[in-house]
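For the protein sequence lines, the chains are U and E, in the order given.
Quick note: the first sequence uses the working numbering, first residue 453, plus one each step.
Quick note: the second sequence uses the working numbering, first residue -1, plus one each step.
No lab work stands behind these hints, which were simulated from the structure alone.
All of these numbers come straight from a predicted model, not from anything done at the bench.
Heads up, a few of these hints could be off.
Pair by pair, the computed Cβ-Cβ distance ranges are [said to hold, decoys possible]:
hint, chain 1, residue 1, chain 2, residue 2, range
1, U, 457, E, 52, 32 to 42 Å
2, E, 98, U, 531, 49 to 59 Å
3, E, 67, U, 493, 25 to 35 Å
4, U, 564, E, 106, 19 to 29 Å
Note that CB positions come from ideal geometry on N, CA and C, so glycine has one too.
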Amino acid sequence: ETGVTQSPTHLIKTRGQQVTLRCSSQSGHNTVSWYQQALGQGPQFIFQYYREEENGRGNFPPRFSGLQFPNYSSELNVNALELDDSALYLCASSLLGTLTDTQYFGPGTRLTVL
Amino acid sequence: AQSVAQPEDQVNVAEGNPLTVKCTYSVSGNPYLFWYVQYPNRGLQFLLKYITGDNLVKGSYGFEAEFNKSQTSFHLKKPSALVSDSALYFCAVRDIGGGATNKLIFGTGTLLAVQP
């Protein structure tokens, strides 16, 4: 088991609503990345936070936003939910800047949008 | 652009037999390659990675992977499969075009089914 935790485990929302997912990174890590894994697909990179700033973003619209806090925990916010946002959302932490900057994943949050 | 391909959606193997899960990559420059495993309703667990050095990389739970530069492959192997190895396996490459990030680009996954 990694030290990465996510909450909640499951979430059900309706179209148009907003959602906030939370992640606590592994001790000693300085980055948090978020990935979206749709059913039957590999994870897709949403964005990464380093030192409380977004330092990279994938092909996701601005309604996907995030925060990283001084204790390296993080939030993923999604506004104006769409049906296609239904997916497993994975958080990963790493120690950026070293050859050992492997990303370690949390258990994920399953979001269902009705 | 960096990418990885997993040509098999599913691999079936009998318990005790050797297993191979295939992955090929396309990158510019030296690849940083990873294998992760996902059990049902769980997140991804890191198995092993290749950065540089020995082409045979040993990882968790008895898994190993062979990096082959000429064939641009990074196949996951295990000498003797266990029923508990049944899971979804993902190959990934670090996106060196990802700017300041160490983001990963994943394959589509291969479902490994080990029959008793």
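Structure-based check of each hint:
A beta carbon spacing of about 34 Å between residue 457/U and residue 52/E agrees with the range 32 to 42 Å that was offered as a hint. Remark: the range hint 49 to 59 Å for residue 98/E to residue 531/U is contradicted by a beta-carbon distance near 26 Å. Distance hint check for residue 67/E and residue 493/U: the Cβ-Cβ separation is about 28 Å, which falls inside the suggested range of 25 to 35 Å. Restraint check, residue 564/U to residue 106/E: a C-beta distance of roughly 22 Å satisfies the suggested window 19 to 29 Å.
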